[in-house]
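From just these sequences and the hints, can you work out the full model?
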Amino acid sequence: EAAVTQSPRSKVAVTGGKVTLSCHQTNNHDYMYWYRQDTGHGLRLIHYSYVADSTEKGDIPDGYKASRPSQENFSLILELASLSQTAVYFCASSWTHYEQYFGPGTRLTVL
Amino acid sequence: AQSVTQPDARVTVSEGASLQLRCKYSYSATPYLFWYVQYPRQGLQLLLKYYSGDPVVQGVNGFEAEFSKSNSSFHLRKASVHWSDSAVYFCAVSMGTSNTDKVVFGTGTRLQVSP
Chain A
1 EAAVTQSPRS
11 KVAVTGGKVT
21 LSCHQTNNHD
31 YMYWYRQDTG
41 HGLRLIHYSY
51 VADSTEKGDI
61 PDGYKASRPS
71 QENFSLILEL
81 ASLSQTAVYF
91 CASSWTHYEQ
101 YFGPGTRLTV
111 L
Chain B
112 AQSVTQPDAR
122 VTVSEGASLQ
132 LRCKYSYSAT
142 PYLFWYVQYP
152 RQGLQLLLKY
162 YSGDPVVQGV
172 NGFEAEFSKS
182 NSSFHLRKAS
192 VHWSDSAVYF
202 CAVSMGTSNT
212 DKVVFGTGTR
222 LQVSP
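Sequence order for the protein chains is A and B.
Residue 28 in the numbering used here sits at position 28 of the first sequence; the count goes up by one each step and never skips.
Position in the second sequence counted from 1, then plus 111, gives you the numbering used here.
For the record, the hints were derived by calculation from the structure and aren't laboratory data.
Some clues are possibly wrong.
Which chain B residues face chain A? A few, computed with CB under 10 Å, are given here [stated by the list, open to error]:
| no. | residue |
| --- | --- |
| 1 | Q117 |
| 2 | P118 |
| 3 | V122 |
| 4 | G207 |
| 5 | F216 |
Only a predicted model underlies this, so the values are computations on that prediction, with no experimental measurement involved.
Each residue gets a CB set at the ideal place from its N, CA and C atoms; glycine is no exception.
Here it is, written out as structure tokens:
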């Protein structure tokens with residue numbers, strides 16, 4: 001079965017600190033995505049990648065960087081965490097534009 | 112602009128009743144269409160998908176959806192809901208097939224099944 005894992009599952013960070021969220025997939029999918037979900041809201045696309053060593057900006061990329069060092073791994077980096085980045089972050093993978101497989105999410109709290 | 116609209120933020124139905132959750136999209140061609148479900152504190156899981164062919168597609172747990180090209184819609188249905196169906200349901204549309212085309216998600220419909 002398709003598998004997407006995320007680490008950490010939850011994190012408390014301080015304002016101005018650096019945060020790295022990691023995602024690993026064993027699906028052999030080409031596309032990977034990072035979304036954020038705020039309480040009571042839908043998903044918003046931050047960054048995505050369709051090939052290793054390349055990333056694309058999504059709808060809300062400001063304040064976030066992404067890294068895709070291999071097909072299996074995709075990281076989201078918050079260089080200077082801010083209070084407004086408190087949210088749940090989901091990673092997903094897919095084969096081209098077909099259905100996405102989601103990870104369990106990372107709950108990030110910035111204090 | 113390409114968009115996906117789920118007009119009902121919350122829906123409450125009684126257990127055993129039928130259900131329809133609405134989804135409309137704005138896109139010139141026929142897209143790939145999806146419904147996902149999110150249970151509390153979990154990631155999204157695929158319920159069903161439409162790529163082409165028969166406009167009525169079957170999914171897991173008795174869910175089905177019908178694609179209407181004329182109405183640009185992809186409504187989700189279930190004949191008889193169970194309390195365990197309480198969750199948030201997202202409609203998603205893949206707008207195009209080039210590398211930089213994206214999947215657009217609706218804002219979700221929170222379903223509450225009452226006993």
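Q.
Could you work out which of the previously given hints the structure breaks and list their numbers from low to high?
A. 2, 3
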